[in-house]
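Novice: This is what each chain is made of:
2 protein chains.
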Amino acid sequence: MPSAHLQTYAQRAQKHANPAAKALLETIERKKSNLCVSVDVTKQADFLRIIDVVGPYICLVKTHIDIIEDFDPSLIDRLRELSEKHDFLIFEDRKFADIGNTVALQYSSGVYKIASWSHITNAHPVPGPGIISGLASVGRPLGRGLLLLAEMSSKGNLATGAYTAEAVHMARTHRDFVVGFIAMRRMESVPTPDASVVDEDEDFLVLTPGVGLDVKGDAMGQQYRTPREVVFESGCDVIIVGRGIYGKGSDAEVQAQAERYRKEGWAAYEDRIST
Amino acid sequence: MPSAHLQTYAQRAQKHANPAAKALLETIERKKSNLCVSVDVTKQADFLRIIDVVGPYICLVKTHIDIIEDFDPSLIDRLRELSEKHDFLIFEDRKFADIGNTVALQYSSGVYKIASWSHITNAHPVPGPGIISGLASVGRPLGRGLLLLAEMSSKGNLATGAYTAEAVHMARTHRDFVVGFIAMRRMESVPTPDASVVDEDEDFLVLTPGVGLDVKGDAMGQQYRTPREVVFESGCDVIIVGRGIYGKGSDAEVQAQAERYRKEGWAAYEDRIST
Numbered sequence: 292m293p294s295a296h297l298q299t300y301a302q303r304a305q306k307h308a309n310p311a312a313k314a315l316l317e318t319i320e321r322k323k324s325n326l327c328v329s330v331d332v333t334k335q336a337d338f339l340r341i342i343d344v345v346g347p348y349i350c351l352v353k354t355h356i357d358i359i360e361d362f363d364p365s366l367i368d369r370l371r372e373l374s375e376k377h378d379f380l381i382f383e384d385r386k387f388a389d390i391g392n393t394v395a396l397q398y399s400s401g402v403y404k405i406a407s408w409s410h411i412t413n414a415h416p417v418p419g420p421g422i423i424s425g426l427a428s429v430g431r432p433l434g435r436g437l438l439l440l441a442e443m444s445s446k447g448n449l450a451t452g453a454y455t456a457e458a459v460h461m462a463r464t465h466r467d468f469v470v471g472f473i474a475m476r477r478m479e480s481v482p483t484p485d486a487s488v489v490d491e492d493e494d495f496l497v498l499t500p501g502v503g504l505d506v507k508g509d510a511m512g513q514q515y516r517t518p519r520e521v522v523f524e525s526g527c528d529v530i531i532v533g534r535g536i537y538g539k540g541s542d543a544e545v546q547a548q549a550e551r552y553r554k555e556g557w558a559a560y561e562d563r564i565s566t
Numbered sequence: 292m293p294s295a296h297l298q299t300y301a302q303r304a305q306k307h308a309n310p311a312a313k314a315l316l317e318t319i320e321r322k323k324s325n326l327c328v329s330v331d332v333t334k335q336a337d338f339l340r341i342i343d344v345v346g347p348y349i350c351l352v353k354t355h356i357d358i359i360e361d362f363d364p365s366l367i368d369r370l371r372e373l374s375e376k377h378d379f380l381i382f383e384d385r386k387f388a389d390i391g392n393t394v395a396l397q398y399s400s401g402v403y404k405i406a407s408w409s410h411i412t413n414a415h416p417v418p419g420p421g422i423i424s425g426l427a428s429v430g431r432p433l434g435r436g437l438l439l440l441a442e443m444s445s446k447g448n449l450a451t452g453a454y455t456a457e458a459v460h461m462a463r464t465h466r467d468f469v470v471g472f473i474a475m476r477r478m479e480s481v482p483t484p485d486a487s488v489v490d491e492d493e494d495f496l497v498l499t500p501g502v503g504l505d506v507k508g509d510a511m512g513q514q515y516r517t518p519r520e521v522v523f524e525s526g527c528d529v530i531i532v533g534r535g536i537y538g539k540g541s542d543a544e545v546q547a548q549a550e551r552y553r554k555e556g557w558a559a560y561e562d563r564i565s566t
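Chains as they are written, first to last, in the numbering used here: chain E, 292 to 566; chain H, 292 to 566.
Careful: at least some of the hints might be erroneous.
Copies of the same chain are indistinguishable here, so a pair counts whether it falls within one copy or spans any two.
[Unchecked claim] Below, in silico cross-link-like pairs of lysine-lysine (DSBU-like), each with a Cα-Cα straight-line distance of 35 angstroms or less: (1) Lys306 x Lys539; (2) Lys376 x Lys446; (3) Lys334 x Lys306; (4) Lys404 x Lys334; (5) Lys334 x Lys507; (6) Lys539 x Lys446; (7) Lys306 x Lys376; (8) Lys404 x Lys446.
In case anyone wonders, no lab produced these hints; they're calculated from the structure.
Model the full structure from these sequences, guided by the hints.
Specialist: Listed below in structure tokens is the structure:
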């Protein structure tokens with residue numbers, strides 16, 4: 292069996308045991324889109340408007356629900372309606388980073404009740420495996436999936452070397468809930484201290500932030516690569532684009548950018564599987 | 292000048308340039324308490340009741356505002372009233388862990404507006420120095436202080452070795468806003484790749500979680516040490532105690548536990564400065 296990233300999304304969907312990962316792969320195939328839009332705005336109205344505009348072009352919307360100033364629980368209902376209308380999944384980019392007991396509460400409870408609506412969420416591996424157990428105790432019964440932050444796109448980040456290897460090892464020992472990584476490249480070749488956890492057919496999804504076609508970085512250390520670099524050269528599965536799409540002004544322009552990134556990401560994928 | 296942890300809290304308060312760190316050191320001295328209580332409950336009423344009970348015995352309350360199910364903005368007003376009534380500071384244990392642009396929004400905006408009421412907050416160094424710049428752009432003008440998570444108390448955590456050294460280096464290069472660490476020991480001896488950033492008189496506060504007198508761990512990987520181990524042996528400045536205090540049933544018992552931990556922490560400090 293060829294490495295996961297040389298198979299089609301449809302082939303991978305058929306084999307994936309986690310319901311959230313399976314649904315994401317099916318959505319990607321159905322919509323011919325490996326584009327995730329990150330919507331980092333602080334008003335409900337902007338949030339919903341942008342998602343409604345980009346919805347047809349994306350497989351996944353990435354949210355920071357905790358930056359929305361006028362949040363109220365009805366926003367979640369409207370987000371879900373858009374997710375059904377346009378056929379995309381939801382990824383709350385919470386970057387959980389606490390001990391198991393705390394993240395279980397942050398994921399299930401509070402104002403946001405993230406586990407009840409976010410198909411996929413993510414966590415930093417730095418607290419150790421307890422963070423996965425804590426989140427899994429809430430998310431597994433709901434059919435959710437978790438991404439571990441194995442690498443980051445920001446300048447001077449510490450998710451490198453042994454840290455990345457530990458993240459991959461933690462994922463390999465929690466395959467029932469960890470469905471992939473936030474990373475800049477594929478992780479199959481990352482060595483694991485315990486060879487017994489390696490599965491030849493492992494298929495972790497790789498979602499990659501820091502994707503942009505027009506700029507190389509921001510003033511706070513974010514760095515950008517193109518969809519082709521990310522999907523074709525580095526073998527990543529989903530490109531995450533934020534300000535490059537929604538920062539462009541009119542709805543028509545936002546829509547045009549979303550279609551532009553969708554096309555670029557998909558072409559890079561088609562070239563990848565045909566090599 | 293002796294190392295910071297061999298000076299009194301009062302001496303250190305006089306010299307500290309950051310308003311939040313100065314206020315915390317003054318509060319510790321005034322109340323003879325280096326105890327921070329972590330209140331991890333999911334109902335407003337429990338949250339406020341516990342804080343009102345432990346308030347007289349603490350220098351700092353540590354919150355996870357995002358686990359409170361029935362949160363509304365008036366809760367912040369009541370938390371502030373308790374902070375004035377009982378003379379303690381507030382530390383939202385948000386563990387920021389994203390790129391600079393995102394954490395600036397998470398800190399200033401959203402439902403919680405953390406920067407507007409939390410004297411101290413914390414961040415993981417993993418995203419790189421941009422996380423400090425992002426948070427400082429919001430918190431410095433308000434006189435807030437930031438703790439970096441240089442170490443953690445949970446089993447199998449990755450905040451060790453080179454990771455910890457990078458955290459300390461990031462703190463040393465951002466002294467105007469980073470006031471200390473979440474760590475298990477003092478950090479003065481951690482080597483820095485660039486010696487020019489070392490200040491002989493550096494005084495980073497060390498706040499230490501995983502403190503308990505009666506148990507050694509939980510089912511999700513948290514591990515506990517005693518106040519004496521933490522303050523006397525490891526030279527830490529503030530002990531953070533959670534379920535060991537508020538998990539004890541009646542208000543009278545919670546109060547008794549708070550006083551018990553305050554006494555233990557303070558005695559360990561007095562022994563430390565008299566050595």
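Novice: Now tell me, hint by hint, if it's right for this structure.
Specialist: These are the hints, each one checked on the structure:
1. Lys306 x Lys539: neither (38 angstroms within a copy, 48 angstroms between copies)
2. Lys376 x Lys446: neither (37 angstroms within a copy, 43 angstroms between copies)
3. Lys334 x Lys306: neither (39 angstroms within a copy, 42 angstroms between copies)
4. Lys404 x Lys334: both (19 angstroms within a copy, 14 angstroms between copies)
5. Lys334 x Lys507: within (27 angstroms within a copy, 45 angstroms between copies)
6. Lys539 x Lys446: The answer is within: 24 angstroms in one copy meets 35 angstroms, while 45 angstroms across copies does not.
7. Lys306 x Lys376: Close inside one copy (27 angstroms), not across copies (60 angstroms); limit 35 angstroms.
8. Lys404 x Lys446: For Lys404 and Lys446, the Cα distance is within 35 angstroms both inside one copy (32 angstroms) and across copies (26 angstroms).
The structure shown violates the earlier hints numbered 1, 2, 3.
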